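Required output: the full structure, derived from the provided sequences and hints.
2 protein chains.
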Amino acid sequence: MSEKRYEIYECGAFDKLSRVMLKEKLNSSGMEISVNHLPAGQAIPFVHAHKQNEEVYLFLSGKGLFWIDGEQLEVGEGSAIRVAPAGGRAIKADEGTGLSYICIQAKAQSLQQSTREDGVILETQASW
Amino acid sequence: MSEKRYEIYECGAFDKLSRVMLKEKLNSSGMEISVNHLPAGQAIPFVHAHKQNEEVYLFLSGKGLFWIDGEQLEVGEGSAIRVAPAGGRAIKADEGTGLSYICIQAKAQSLQQSTREDGVILETQASW
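In the order they appear, the protein sequences are chains A and B. Residue numbering for the first sequence is 2 to 129, as defined by the working numbering. Residue numbering for the second sequence is 2 to 129, as defined by the working numbering.
Please keep in mind that the hints were generated in silico from the structure rather than gathered at the bench. Where hints are given, some of them may not hold.
The list treats identical chains as interchangeable, and a pair is accepted whether it falls inside one copy or across any two copies.
Stated by the list, open to error - 30 Å max Cα-Cα, derived DSS-like pairs, lysine-lysine:
1) 64 - 5
2) 5 - 52
3) 5 - 26
4) 93 - 5
5) 64 - 26
6) 64 - 17
7) 26 - 52
8) 93 - 52
9) 64 - 52
10) 5 - 24
Note that the structure is a prediction, hence the values are computed from the model and not measured.
Here is the structure:
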């Protein structure tokens, strides 16, 4: 009997949650993912940086502002932002709409190969 | 003048794209992220695994099936699935609806610390 090679967790509707941290729920070992919803007009109340981790923010819905090292960027569905560990960052939802986004942390410089170099096509067929 | 510590890329509406690979667009070094949309009834035409990378799939909208090592899971908004490198995986959108999802690759076992251990609150104030 082979070991189970996956974990699944249901976050539910993105606009109904506040913040879900997935690392422990999924037992992930290469990344931490948070799924977040800021209600209209609310902001992360501090600017933060990281020691060794890169972050990528991917915005899912709503409108807001992403502050990075003194610059202010407008974000909404489909905006993707990578921040190097030392970048100072903060986020605010627009006054009129909540802002849903995910944030992924991984150790900077840790990825050695991806996609074609790392993937292996199997002979197995799926059920469909 | 300090080095710019971020990159931004606009993927656009999730249901209008086919597949966007973010690593080169964002210059990320710890992860590769793809943003994907499978039209109704379409499937990834093969089962694949990885050599060294863990993957997390996060489903954004629509309904579909996630096949993993012979099991078939129903997925939709908010479903999050981690797959170990050797897991065989495939995805299919339901007949009646397209399926939007992101897939993140990071090297398994590469994350040494996260969130509270890795984060640093700065004295800087954001613009709001």
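Tell me the numbers of any earlier hints that the structure contravenes, in ascending order.
Going through the list in order, the structure violates no hint and respects every one.
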